[in-house]
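Please build the complete structure, drawing on both the sequences and the hints.
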Amino acid sequence: MIKLLKFIALGVLFITTLNTAFSTDFGLNLSGDRKFNLNHNVGPNELRFNSSAPLEDIVGYVDKDAISSSVTLNLANIENATGTVVFKVDAMETGIKTRDEHLHGPNWLDASQYPEIKFELKNLKDVKIVQKDPPLGRATAEATAVGVFTMRGISKNITSKVKITFVKESDFTMKRANGDFLFVEGSFSIKLADFNVQGTKGVIGSKVGKEIDITYKLFYNSN
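Just so you know, numbering that gives the first Met the number 0 puts 113 at position 114 of the sequence shown, and the rest follows in order with no gaps.
It is worth saying that the hints were derived from the structure and are not from the lab.
Check each hint, because a few of them may be wrong.
[As the list claims (entries may be wrong)] Listed next, the in silico DMTMM-like pairs over lysine to aspartate or glutamate satisfying Cα-Cα at most 20 Å (straight line):
1. LYS206 x ASP99
2. LYS63 x ASP212
3. LYS117 x ASP62
4. LYS87 x ASP212
5. LYS162 x GLU141
6. LYS63 x GLU184
7. LYS121 x GLU78
8. LYS206 x ASP109
Spelled out as structure tokens, the structure:
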């Protein structure tokens, strides 16, 4: 029994050491979880989508008021970040009303049956601190976000290159909003076929790209 307990203790110690070895902090002598919520007062939130095809290029965006998001981040273990980004399909615009109506329709994203698109962040990997300024309480990390993207009721695992900047609350930041700030920007691509988007016959591949590029800039403050 004593040998078994020692073995279990060693196993727990090994796992704890392994987790610590692969955790990254911002280098600001801060720790603990922070929950961040999207806040338009912190910065201009943007979510854009781009289609490139032989006959046409399309650049679209999502109305910022139709985006909701929250992130939970442990400042001493950036890899364990989790969160969600959700936006309304009928808030996606391309600058042409008729085209937007088609985009929201049943042959495309089907807003009536699937009103929201969602990304759920599971964790971050390959985290690297690229800039830090301890006196200002500011640091930036580059990483790969690992998560699940859901559209038209279909969920797929995806990754996204991401840059994350943390800013500690100060008299200067409080002019915009209370709490610590988090800036997140990145990009990823999705294949329409993966989400059963069939579109109007003959359009995908000619006027609409088979892959859609998504870019985002999101601004948060902590509770």
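Hint-by-hint comparison with the structure:
1. At roughly 14 Å between alpha-carbon atoms, LYS206 and ASP99 fall within 20 Å of each other, so this suggested pair holds.
2. Between LYS63 and ASP212 the alpha-carbon distance is near 18 Å, which keeps this suggested pair within the 20 Å criterion.
3. Taken as a hint, the LYS117 and ASP62 pair is honoured in the structure, with Cα atoms around 15 Å apart against an allowance of 20 Å.
4. For the hint linking LYS87 to ASP212, the alpha-carbon distance of about 18 Å falls within 20 Å, and the restraint holds.
5. Only pairs whose Cα atoms come within 20 Å are accepted, and LYS162 paired with GLU141 is accepted, the gap being roughly 5 Å.
6. Between LYS63 and GLU184, the direct Cα distance comes to roughly 15 Å. Compliance with the 20 Å bound is thereby established for this hinted pair.
7. Only pairs whose Cα atoms come within 20 Å are accepted, and LYS121 paired with GLU78 is accepted, the gap being roughly 9 Å.
8. Under the criterion of a C-alpha separation no larger than 20 Å, the hint pairing LYS206 with ASP109 is consistent with the structure, at around 19 Å.
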